[in-house]
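Trainee: Go ahead and model the full structure; you've got the sequences and the hints to work with.
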Amino acid sequence: MAVIAVAVVALLAVSAAAAFVLTKEEPNRLRMATTTSTQDSGLLDYILPTFETEYNCKISVIAVGSGLALEMGKRGDVDVLLVHSPSAEQTFVSGGYGTNRTQVMYNWFVIVGPDRDPAGTKDATSAKDAFQRIHDNGTAGHAVFVSRADGSGTHAKELGIWSSLGYDNTTVAAFGTSWYKQAGQGMGAVLDMCEDLNAYTLSDDATYYSRVDVALIPHLNITKQGDSALKNQYSVILVNSTMWPHINKTLAKDFLDWISSKAGQDVIKTYVKYGHQLFVPNAPGFTSTTAITGFVDTRLFEDVTAGTSEVPEAMLKAKDTRADVPRGGAIDGA
Amino acid sequence: MALEVSYDVIQVTLLSLYVSGCATILGSAIGIPLGALIGLKEFGGKGLLKTITYTMYGFPPVVAGLAIYYLFSRAGPFGSFGILFTPTAMILAETLLVIPLTTGITITSVAEVDRSIKETVKSLGTTPRQSVLTVMREAWVGLIMAAMIGFGRCIAEVGAAYMVGGNIQGETRVLTTAIMLETRMGRFDYAIGLGIVLISVAMAVFFFLRLLQEKELL
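Sequence lines, in order, name chains D and G. Numbering-wise, our numbering puts 138 at position 138 of the first sequence, and it's gapless, one number per residue. Numbering-wise, our numbering puts 21 at position 21 of the second sequence, and it's gapless, one number per residue.
These are computed hints drawn from the structure, not numbers from a lab. The structure presented is a predicted model; accordingly, all values stated were derived computationally and were not measured. Don't take each hint at face value.
Covered stretches of chain G (in silico footprint by chain D; criterion: 3 or more residues with CB under 8 Å from a CB of chain D, positions within the stretch not fixed) [said to hold, decoys possible]:
#1 80–86
#2 105–111
#3 175–187
The C-beta atom is built at its ideal place from N, Cα and C for all residues, glycine as well.
Mentor: Laid out in structure tokens, this is it:
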């Protein structure tokens with residue numbers, strides 16, 4: 001018994017010592033939880049060094065699903081969020097867990113499907129119509145759809161489109177497994193599944209292009225794109241520093257100010273990969289967009305302020321002047 | 001194959017070794033004495049305890065990660081330590097995964113030795129303390145094996161490392177989480193390349209330990 005006691009004490013001592021060494025004051029470090037798409041597309045590797053140099057700091061990026069990113073913010077484990085799940089973000093902010101929610105950029109979702117397009121989504125008049133066609137052909141046994149089904153921002157967007165057709169979340173979850181596959185996987189893995197299953201899915205365009213670039217999905221095409229319902233809005237949210245005093249709120253605010261300034265917005269605009277401009281900056285005051293040299297995407301000239309109607313524009317545009325005022329109260333509604 | 005990645009593969013590899021190494025040492029420091037105790041002592045419920053230990057071999061890494069996450073999250077009981085998303089948190093999570101392995105393998109090793117030499121030791125009239133030490137010396141190879149299997153589980157593990165480490169470039173990115181990142185990005189060739197690095201490193205560690213054993217330095 002004594003041996004075990006010694007071992008336990010040794011473990012605690014070692015971890016406490018390690019904790020002390022590893023958590024020495026690092027005033028110039030910002031912890032950012034974000035979604036896998038911003039990291040996997042290479043955007044962060046492209047834009048963050050500019051900020052890090054200018055502010056002499058280091059950003060620790062934790063790339064997870066939007067759901068987990070928001071949870072990390074709620075629990076005070078990160079300083080700032082860069083996420084794309086509008087309705088969950090609204091809940092997060094109205095629950096008092098974050099402030100200064102500001103839209104900073106968007107990219108596009110696309111509906112992708114097999115070459116022969118059995119559901120005829122290419123002729124669909126809208127994203128909504130395309131989903132209806134997939135549903136009808138799916139239940140008739142002619143088409144397959146793979147859902148992320150992982151609580152990610154992309155999954156939320158997909159559910160939003162189904163919901164606009166009158167299929168609520170419960171109905172969607174109960175769709176026949178013969179045509180509606182709930183993968184519970186990341187975007188790349190779902191695209192690979194679609195390639196094998198000749199299935200449709202909703203994907204962010206960056207991940208789709210990256211998969212095409214390495215010839216992993218030769219039989220998948222974009223069958224519907226450019227509908228304003230497919231806009232994928234990213235926002236920055238500061239984690240509530242009143243609730244979590246240890247948070248690096250100065251640097252978090254610096255980051256927000258920088259990424260929504262002309263300097264930050266310009267860096268986002270110049271990121272080109274796979275022959276496409278992957279993200280379009282649209283922070284308040286920077287909503288006019290110009291295609292950059294060498295690539296003209298007509299989708300960029302659409303009315304980008306139309307939004308997805310999930311988020312009131314005023315809420316995004318007005319920089320929250322009530323920063324740092326806790327709303328809601330303690331965590332977990334206590 | 002050259003790995004053109006934005007992070008330092010050497011540093012990632014060293015962190016993998018550091019985290020797995022520390023977790024193996026801690027997990028052995030706890031598991032081996034615990035296993036010896038369970039293996040050598042007779043007490044009620046021993047069979048049940050052994051079954052539980054063996055079942056825990058299959059303890060899901062993500063759950064170990066989640067447990068450490070909850071404990072050390074700022075909203076958790078030990079949040080003020082601020083060790084989430086550091087190698088320390090990863091070591092603690094991996095330690096949880098090593099303990100059942102080292103405990104279980106030690107139970108088996110000492111029980112076998114115990115049976116074979118119990119009578120001899122008894123006939124020599126040694127004290128219980130001396131006989132325990134004798135058994136442990138005889139079971140030494142099994143104990144090293146326990147630690148090596150623990151190390152193998154740690155270095156190949158991704159769920160807990162990702163959950164509590166966060167796969168932060170230059171800070172908590174280890175080989176397995178880097179492989180996961182490359183896979184997610186569709187860069188399968190890089191993922192496989194890093195996998196080969198991982199296997200090679202693990203193999204080097206095991207060869208080194210075997211060498212020490214053969215030279216009777218361990």
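Trainee: Now, for every hint given, state plainly whether the structure supports it.
Mentor: Going down the list of hints, with the structure as the test:
{"no.": "1", "hint": "80–86", "result": "holds (count 6)"}
{"no.": "2", "hint": "105–111", "result": "violated (count 0)"}
{"no.": "3", "hint": "175–187", "result": "holds (count 6)"}
Hint compliance for this structure: hint 2 is the single one not met.
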